[in-house]
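2 protein chains.
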Amino acid sequence: MPIPTDHELFDLGDVVLQRGATLRDAKLAYKTYGTLNAERSNAVVYPTWYSGRHTDNEWLIGTDKALNPDELFIIVPNMLGNGLSSSPSNTPPPYDRARFPQITFYDQVECQHKLVSEHFGISSLALVTGWSMGAGQTYQWAVSHPEMVQRAVPFCGSSVTSPHNRVFLESITAALRADAAFEEGWYRRLPEKGIRAFARVYAGWGFSQAFYWQEEWRRLGASSLEDFLVDFWEGFWLDERDPNNLLAMAWTWFHGDVGQTPGFDGDTVAALNSIRCPLLSMPAEKDLYFPPEDEQWASQHIGRGEVRVIPGVWGHFAGGGDNLEDTAFIDQGIRDVLAMDP
Amino acid sequence: MPIPTDHELFDLGDVVLQRGATLRDAKLAYKTYGTLNAERSNAVVYPTWYSGRHTDNEWLIGTDKALNPDELFIIVPNMLGNGLSSSPSNTPPPYDRARFPQITFYDQVECQHKLVSEHFGISSLALVTGWSMGAGQTYQWAVSHPEMVQRAVPFCGSSVTSPHNRVFLESITAALRADAAFEEGWYRRLPEKGIRAFARVYAGWGFSQAFYWQEEWRRLGASSLEDFLVDFWEGFWLDERDPNNLLAMAWTWFHGDVGQTPGFDGDTVAALNSIRCPLLSMPAEKDLYFPPEDEQWASQHIGRGEVRVIPGVWGHFAGGGDNLEDTAFIDQGIRDVLAMDP
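Top to bottom, those sequences are chains A and B.
Residue numbers for the first sequence follow the numbering used here, beginning at 1 and rising by one.
Residue numbers for the second sequence follow the numbering used here, beginning at 1001 and rising by one.
Rather than coming from a laboratory, the hints here were simulated on the basis of the structure.
All of these numbers come straight from a predicted model, not from anything done at the bench.
Cβ atoms here follow ideal geometry from the backbone N, Cα and C, with glycine treated the same way.
Some hints could be false.
Some but not every residue of chain B turned toward chain A, in silico, with C-beta under 10 Å [as the list claims (entries may be wrong)]:
no.	residue
1	1164
2	1193
3	1197
4	1201
5	1212
6	1217
If you want the footprint, here are the derived chain A segments under chain B, 3+ residues with CB under 8 Å [to be verified]:
no.	stretch
7	161-167
8	178-185
9	190-197
10	210-216
11	289-297
So here's chain A without its partners, still in its complex pose:
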């Protein structure tokens, strides 16, 4: 799939990051869908996921969907590190490549907040929603800007990256780094074996055991299990996914924790307690790295928190837009939350 070029670039200026570095002349790539109304009351923020681009979010937007561009003004900001916004692959020296600075979920949301408030003059968001790391950004929005976020729907993601999820991240990144061609991030040629290993490790986690048992990959156009591993998985991660970008985003993910928001001193529960808006979390029944029990745990600390488990065997990719039943379930959840009072 060609890298999209249909987005805008917002000048963030010099961004002083939570961990201390300054990312100078930073850019936020974004695309909007629909029209901001006169009251500026119909805006939605819908951030991207690990290596996803704004185009990868479009399956959930449509006139037949809860995210209806005839009614809502939907802003899809690309995560820093994804290759379109400021990233290891497109930042000029000296903060380029393996020297790209550490960026937290808090930083991601602050950059998006600048776009939303300064560029669009929006002071209230009807909804924030997102899949996977997009769910992490959704939680972060609800904690960082409770005065703005009226509703939140994270799906297949979490407010804090669990220890097991961190082990998963260690596994994909260790596989990538094992390739000598990676050269600690200063590669002169693509560490292709490492990326392919990264892809194979990811494959076991992305979908459930039952998904593979039932050969559901046929519904994604694969002709055999090995074809699925090569075409879907290796193909995806070889598609212009710069290795340093992958590692930069993995760093963000690994350190995800709303408790690290300034003012909460590492207290995740206190941060969850501070969320004021209705928040519907939709984990997938068989998600292997964001299991539903983690979301049940978080929800009990959120005043207006609710959990609806997406049933079925697609695991994490229930939230990826490829399975019609799961998409309908997620769409209905968003529709229900949009109908709630903030």
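Given chain A's structure and the hints, the job is docking chain B onto it.
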């Protein structure tokens, strides 16, 4: 841990393998516990698991256990490929190292059968039991030699390697192979980065999400999550686990399927149907690569099949002998089956 030397070596002679190669002058390393009675009716076969050695099975043997050496004669054969029996690391050229032949579960059991019948003159086994790949060998024994096996207790393993389990195997081996030092198996120095990546990938699968959430690794002597990944996981796989041995055993595992036993023509269900003895399968509730539902599926095709799920959060390592509750559960299952009529 030093490589054990307290075992015997049985000369298998020239072994013609199922896939066609002949492993010449092959050796089977084994150790026995207890004494064979005059009727030769108290023998148990208890095969090893992926990279395990006979000493790694001893936690389940004891005078306070169902596997009581005061009553039973327990034979622990080391799997071909584990470094003690014939393996890539100890076979002379030309079938050494990366050229080690493909060995199936069927081959493993035929070699063990030769030891049991020819060396010990045993024609009936009171029990076959084992963990993980040892469970796979247990199933294979029950299919290959229904006339001999009186009872079978596979735990945390399967009769056929599921598609998802194969993806898991692809992931660990791809991580190992990504290290250029591996040189397609002709390494001149240890591909240490690859082994460490292999270890990190394995870590996410070996225990459940909840195990990590609850920091159960503290019970294994780790002082932090990272300490657990380095000391327990990297330490284990760096402990004289030859990379070609790991790949040879992974090949066996990947191709596990009792339906591949001669006479069944690939029909797994027919092979399961042929099992005549009582067979108790004990999967672990949260085993991420041998999930209980796969065993429920197999059990319905076994006349005297039964499934008991090991409760708790230890996942696959419920069968590893490190958790007292799980060990007691497994021991009780074996005790109950030993009390059954064959």
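The hints, checked one at a time:
Interface hint status for residue 1164 (chain B): upheld, as the beta-carbon distance to the closest one in chain A is roughly 4 Å, under 10 Å. Satisfaction of the interface hint for residue 1193 (chain B) is found here, the shortest Cβ-Cβ separation to chain A being roughly 5 Å, below the 10 Å cut-off. Of the supplied interface hints, the one on residue 1197 (chain B) holds, with its beta-carbon coming within about 4 Å of a beta-carbon of chain A, less than 10 Å. The interface hint given for residue 1201 (chain B) is met, as the beta carbon of that residue sits about 4 Å from the closest beta carbon of chain A, less than 10 Å.
With a least beta-carbon distance of about 4 Å to chain A, the hint placing residue 1212 (chain B) at the interface is held under the 10 Å criterion. Evaluation of the residue 1217 (chain B) hint against chain A yields a held restraint, the C-beta minimum of about 9 Å falling below 10 Å. Note: the stretch 161-167 of chain A has 6 residues with beta-carbon separation from chain B under 8 Å; the three-residue rule is met and the coverage holds. Coverage of the stretch 178-185 of chain A by chain B holds. Counting CB-CB distances below 8 Å, 4 residues qualify, and the rule asks for three or more.
Counting residues of the stretch 190-197 of chain A whose C-beta sits closer than 8 Å to any C-beta of chain B gives 4, which meets the bar of three, so the coverage hint holds. With 5 residues carrying a beta carbon less than 8 Å from a beta carbon of chain B, the stretch 210-216 of chain A meets the three-residue requirement, and the given coverage holds. Here's how the stretch 289-297 of chain A fares: 4 of its residues keep a CB closer than 8 Å to some CB of chain B, so the rule of at least three is met and the hint holds.
This entry satisfies every hint, going by the numbered hints stated previously.
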